[in-house]
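Chemist: Below, each chain spelled out in residue letters.
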Amino acid sequence: MFERKPLLGFAGDTLASALLANGLTLAGRSFKYHRPRGFLAAGVEEPNALFTLGEGGRTTPNVAATTTELYEGLVARRQNAWPSVDFDLGAAISLLAPLLPAGFYYKTFMGPRRGSWMWYEPFIRRAAGLGRARHERDPDRYETRHAYTDVLVIGGGPAGLAAARAAAAAGAAVALVEQDSALGGMLLAAPATGALEDWRTELERAVRAMPNVEVLLRTTACGVYDGNTVALLERHDHERPDAGLGKAREVAVTMHARAIIYATGAAERPLVFGDNDRPGIMLASAAQAYLNRYAVDPGRRALVATNNDGAWRSAIDLAVAGIAVPILDQRQHVEPALQDAARRVGIDVRTGALVTRAQGRRAVTGALVAHNGSARVEHLACDLLCMSGGWSPTVHLTSHTGRKPVYRDDIGAFVPGGYAPGQFGAGAVSGEFALSAALRSAAEAGRAAAHYCGHADPIGPTPPPQVADHPFTLEPPRACPRGAGGKAFVDFQNDVTTRDLALAHEEGYAAIEHLKRYTTLGMGTDQGKTSNLNAIHLMAALRGVGIAEAGTTTFRPPYTPVSIGALAGRSIGHHFRPIRRSPLHDCHIANGAAMIDAGPWLRPWYYRWAGGDAAAAYVNEMRLVRSAVGLADISSLGKIDVQWPDAAEFLNRVYVNGFASLPAGKARYGVMLNDDASVLDDGTTARFGEYRYFMTTTTAQAAEVMSWLEFLLQTAWIDLDVQVVSVTDEWAGMSIAGPRARAALALALPEIDAADAALPHMGAREFEVDGVPIRVLRLSFSGELAYELYVPAGYAIALWERLLERAAALGIRPYGLEALASLRIEKGHVAGLELDHRNTLDDLGLGKMAARDKAYVGRELRARAQLQAPGRWSLVGLECLEPSARLRGGAILFARGEALAGHGRGYVTSVTWSTELGKYIALGLYQGGLRHAGEEIVCAYPLKNEQVRARIVSPMFIDPNGERLHV
Amino acid sequence: MATGPTGNDGMLRIPCPHCGERDYTEFRYGGDASKIRPPHGTADARAWQEYVFLFDNPKGAHLEYWQHVLGCRQWLVLERDTATNAVGKAHLARSQGSP
Amino acid sequence: MIAMSSRYSALALARHALTGKPWARAWRSADPKPAYDVVIIGGGGHGLAAAYYLAANHGIQRVAVIERAYIGSGNVGRNTTLVRSNYLLDGNTQFFEHSLKLWEGLSHELNFNVMLSQRGQIVLAHGPSQLEVLARKGNIMRLNGIDAELLDRADVMRLLPYLDYSQASRFPIHGGLLQRRAGTVRHDAVAWGYARAADRLGVDIVENCEVTGFVRDGDRIIGIETNRGRIAAGRTAISVAGHSSAVAAMAGLKVPIESHLLQAFVTEPIKPFVDHVISFGAELFYISQSDKGGLVFGGHIDGFNSYTQRGQFPKVQSVAECAVALIPAISRLRLLRHWAGIQDMTPDGSPFIGRTPLRNLYLNGGWCYQGFKATPAAGCCLAFTIAHDAEHPLARHLSLDRFERGNGHDEYGNGNWTYRQ
Amino acid sequence: MFERRSPLAPQLAGGGRDGADGRRSMRIGEARGWHLIQIGAHRRSGAALAAAVGRLCGCALPSSPRIVTACGAHRLYRIAADQYWIVTHDAAVTAALARAITPDVGASTALTHARVRLVIEGAAATALLARIVPIDLRSAALPVGSFAQTGVQHACVLLERSDAQRYELYVLRTYAVSTWEWILDSAMPYGYDVHVAQTEQ
Ligand SMILES: Cc1cc2nc3c(=O)[nH]c(=O)nc-3n(C[C@H](O)[C@H](O)[C@H](O)COP(=O)(O)OP(=O)(O)OC[C@H]3O[C@@H](n4cnc5c(N)ncnc54)[C@H](O)[C@@H]3O)c2cc1C
Ligand SMILES: NC(=O)c1ccc[n+]([C@@H]2O[C@H](COP(=O)([O-])OP(=O)(O)OC[C@H]3O[C@@H](n4cnc5c(N)ncnc54)[C@H](O)[C@@H]3O)[C@@H](O)[C@H]2O)c1
Ligand SMILES: Cc1cc2nc3c(=O)[nH]c(=O)nc-3n(C[C@H](O)[C@H](O)[C@H](O)COP(=O)(O)O)c2cc1C
Ligand SMILES: [Zn+2]
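Chains as they are written, first to last, in numbering that gives the first Met the number 0: chain Z, 0 to 966; chain X, 0 to 98; chain L, 0 to 420; chain D, 0 to 200.
What the hints contain is simulated information worked out from the structure, not anything from laboratory work. It cannot be assumed that every hint is accurate.
[What the hints assert, rightly or not] Only pairs whose alpha carbons sit at most 30 Å apart, straight line, appear in this in silico DSS-like list of lysine-lysine:
#1 Lys291(L) x Lys20(L)
#2 Lys291(L) x Lys106(Z)
#3 Lys918(Z) x Lys826(Z)
#4 Lys106(Z) x Lys270(L)
Chain Z extracted, bound-state conformation (with noise of 0.2 Å):
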């Protein structure tokens, strides 16, 4: 369907060759002048014919039609005008061009008073733009895989297929792959009879029977990378993805390969002279294409003007398919060869003749000659303008990896500044334009290649071609003359015109990057592939400095546009990142748990047996444990296995407070600070035998830990010799935790003596229940008598159901998050949003637990001055004062009375309602800290315009001297 009526066309053709043939010209609006445009190219170049496809959410704006492959059921419409491309309102604009040269933004809508820009700028952004993307949710699927290969050919062309054929002759892996639909490149452009093909078909057919080569179409390389890895982009549109059947509309491959051959090929360039962007007006090779490759006439009386050889085929296509062709050559002398042939198919040959305007509106209708030496200038009418400003080799790729390309003069182009180790050029890409040599260049390139792979010997020659090629030369394209009129356009795409280089030279933006950026030269979506080179030639004779001296701007990937959906792959929705679920998680969602995302953990936030939402069960779930018992998961906690005779040394190490003399059967809580004395993370180890420990640390912090502590073992203290294995994923844990937690583990596991005397507070004992082991810490995050119990992950789900049954008459009931977060604030406990990497641990009141009397790393830069300074901002307990109110975490604190501005004097970090007392408490930094107990504060918070009084406490807010923990 094309605007909403349908469309017939061939397979094999693009939407451009099937609206051609439908006799449609006019493509679309240019991006600033909405000018009338058709097609100028055939190809990935195009920067006129972009097309919005699909509807609702498959809607992709920006689309060129030549490379678009026809296929049943494809909507396309035109874009960028309003009401429509025939009739455009926006056209209007062009009456305004004058006052609207390059970088006119720069110049205006600064006034009438500061900030006027935002009244404009909402015109300026619905004007730029070009498709119309839309919100709806992409339906499509997109996969991502990773191959390796040693030999990857980008490129299917003659040297494309040369070179694979070589390298794989020679024993190398293959992957060849091509952007089009199909494999040939230019010879694709070619008749689509005769040696010429037979000769590519024979090609074709013997790359494809090699067993070592993989072909690869429809598939782009995208972007070169470091370690020869190349991304490339496989697509299937044609295929009619349908992601119910998991077939994926597009997969991106990150390809590692060993060698890498570009065969590229090279891009025509227009010519610039006035008007040169009517639709009718195309590059020679793409109405050569259409011609032969589509059977679609591209008009019925062509011009053809060029300044080299390259177009003088395309002439003697045109011709011989029976359609007028003078042709055009602005060099005073050509090759008498090429002459005669294109005598010998009709063609009227002027020489020295130079096009200097278009004629017609939204067609092409003729075109203005001007003649070397004379001043006649001649009209000669057409509805077809080919035309050819010579060719740029395609360095995109080869540039990616910061190999600047360089200018040769003979071919007036540039080509690659040099291969990466492990990659080669062949064919046009690197400056052979003339088929024999392009096919020697790949041969050549197939075999080094293989060489590099380790593959030496080729298994026998590629036959040469047998086609008459002839030598590539050109003239440097000439900027048309002054005062021919018209606008000429350098940048199709971007409108950007000789004038607006002028421009950008009067002003001083005339370094190549300041030019692109000050004109937007090159910026579009074809990136600047046919306009670069035109304009890096136009602004080097504007300078009066050599092409090589003026230089290119950086090529980027992609080559072409990459749908963003593509590059995410399966990493999308709940995949976008891993889920880790506790061993328990089936209990949680069985128990009616709400869940919770903690970095990549599920966790159980509440359980509904306590309430309906957050706020009402916490406060249920503390209860319970303050008043009998509860249970909660752990597991998420980072566990590590440490071992071996320096173990303890090394503990003693890492935690500011001491472990060389933790008994066996005992746990003990510490502290680990980075080098530069930030508090690095919290838990507890226990010490299960005389070489064996079991660590634990925050959820958060896990792998951090884990990697720090394999770093210090690895790189510094290699004298130790410990043995740290994680052990997070094999270990489950929970906690019971109240002051029926003994009780309830009596009733539970009898098998346990958890008696005060063989587990003492701060005991850790192994135990065998039923032949599994498990391991007891008597350790209390929330201040009542409590046990961690840690069990193999397979049986967890065992062992809490254990608990939660023969305890039920206990009342135990499992608490979350909230709660185990909540109860820990009543005891001071500090965690996650107290230990963010600003605080000290003397600002967390834990300076004491610092050993006096041995080393601990972090130690030295702890003592640093301000880090040690009285007023820093320290941890304190805060009570709400207002029966009415709350408090809220990230509220600012301030000295009674004190004006409430700038930055406080500390924050509040943790809050929640005690139950216990009856009222809001939190947990927050103050400066100078507990010397300030006692005193009135207020906690701004004036995003919500509320200020609380509260009095700073200590944050031990319930049971100071750990009654609770001995009962």
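Starting from the known structure of chain Z, arrange chains X, L and D with the ligands on it as the hints suggest.
Modeler: Just chains X, L and D with the ligands now, kept in the frame of chain Z:
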């Protein structure tokens, strides 16, 4: 730079001495490996400051730590050129001696 | 401050259009003179701004900006253009708000439209505790006279209806913090606008001139060596973004900086689609739409020291994953170009502006992810420091020796990165 | 008795689905009934450890970091310079090893529960794996009988190629459900059957 053990110049493919050449995404970067960590217990704040905070940060040859976190978990010392990303040899950090 | 004849305005555009009168060069192409009062190394946003403020605020006009390539070739011309002042820590809040205020008057001051677009930035929170952290910042902003609004999920849904609110979303959106005055600025215009204004005040902008060394007299720097010869300088400032270590090393200084790659991305241009600046909360990812229509976005550094100025593909993919996680519809849009900048990274994520151990040598560097928004204030403070040989009150917390004293200024709470990325 | 549960218990109920072409070209499942112990030698104990393993498992410690040593009911993997995995379905062996490897011999850590062993086999197995791991799966790089430690979705995994078209993955338990869903999602185009192998080795 020297070529890696696989004979490839292996830019940003890291030759893990244990596992072989792998994508750099399997590794965790650990920064400059030419700095010498003051021995544990060194009571010289200046030395620690330099170690922790100051870097040569050269444009060119760089010795650096990488840990093969998705593989053998070994910390490696890798030669890499920060001007080109070209990767050279790697050795296990705990096997002393320069690469 | 700029002579009437070369002023930019709609009227001037019309006059030039009608008369065909040529425009003046935006800045002269200066050759280096043998000596200057002040030499600033680095023609990025900061260096050019400092030169402008030296001339405009301190009356020092024998100033040269020495740029090794073309001005704006560094990070000022390749960043994601976010400007905002939602900063938490004492010192930072005031500094970045000062910068935002300068941005608000900059087009007028420079007579060059830098296209400050105050379209509002929304930082998302994906859980209650993340929202509390944002609230703390928002409260600090309000207490410092800076606009900030706390958003709940419904507010975010109203403002940004196209984010992923579905069941499938991995990190559900819980709320956010909005600063309406935050937004974007046209990156290149900043370099050019400052260059043009500085040029008009007599500053020499010397392009294609690479600094290769310093001229020293004892512990004093008295000039620089360049590939175009020696230049004597009363005072010299280093303002070279990702290359601070390299240039400081020429003066024999070792600094707390590593050079890392940060990539940026732009899609094909489309009609208005994203009207704010949005920052994802689950990972470092931010997105906005340029006036030209491209969606511009970025993420985390690539994660290892490098001066290659090009990124790696895995990071491209993970950034794309963030994009789709945040805005499912973006899946269909196409990435047009991605590039990288070389960025100074410091242990605490904060920069340095101030004096160095060498006399008459000043350093402005270590900007990490945040130097673009800082451009006017950094230029202003650097100019002050050069003019007065003293730290600017707004930049006292950014001294080079802060780690010795334990004064690290860790805005993001990421901690020291000696061994991790 | 405590019942041992696989984290994939609920997942394994589903019977699979057809691929885009209507076929099912893979079997994806979990292998259960095995035990895993990680053992390590410290600097001076390499020989003692080798001796202990020789005595209890009847084979030498592997010297190759890539080739799986199969001996009887056990498979041995050298996972780092001086670290090994022993996978066996003889629980007595792991228990004996744990007892025998005293600190002067080395260290042992039980990891049976830390991992879940997935089996992917069939014509499309290699193509599927190319979608989920970043390593070279060509048979020269990963021949039958070899293994590699790598990552799936940022989590570590040990991947063994036990036949040309058969792979076994030891994935982290807490990621197992996520990894499983990821694999099934990736396998959609090919179609698969889901199966559990109770005591497969
Ligand atoms: C991808 C990316 C995205 C970013 N996004 C943001 C953002 O959204 N918001 C934000 O606030 N910040 C952002 N930043 C950071 C910001 O761009 C930089 O911090 C800031 O631009 C640095 O200051 P500058 O403009 O002066 O640097 P630059 O523009 O880099 O200027 C430094 C100049 O010094 C020159 N130089 C270097 N060595 C020499 C020498 N030896 N001799 C002479 N000249 C030399 C360079 O050529 C360069 O032009 C981003 C950075 C990157 C890379
Ligand atoms: N007469 C002239 O003026 C002239 C000029 C240039 C070239 N040529 C002819 O061109 C031919 C050169 O052959 P060649 O093979 O070097 O070039 P080619 O243009 O025939 O083939 C290059 C192929 O690479 C593909 N390609 C380019 N970039 C790609 C990417 N990133 N990913 C995937 N595919 C990509 C293209 O689609 C194309 O098929 C010879 O026949 C030569 O005579 C003639
Ligand atoms: C905010 C912003 C928007 C950009 N938009 C475009 C764009 O629309 N088209 C384009 O080709 N490049 C765009 N670029 C990228 C530049 O072309 C260029 O890649 C970038 O400035 C880095 O320079 P380099 O690639 O020359 O190294 C944009 C850059 C920035 C900073
Ligand atoms: Zn490894």
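Chemist: Can the restraint linking Lys291(L) and Lys20(L) be considered satisfied, given a maximum Cα separation of 30 Å?
Modeler: holds (28 Å)
Chemist: Regarding the pair Lys106(Z) and Lys270(L), is the alpha-carbon distance no greater than 30 Å?
Modeler: Cα-Cα ~23 Å, so holds.
Chemist: Mind checking the alpha carbons of Lys291(L) and Lys106(Z) for me, to see if they're no more than 30 Å apart?
Modeler: holds (16 Å)
Chemist: Mind checking the alpha carbons of Lys918(Z) and Lys826(Z) for me, to see if they're no more than 30 Å apart?
Modeler: holds (15 Å)
The structure is consistent with each of the numbered hints, conforming to all of them.
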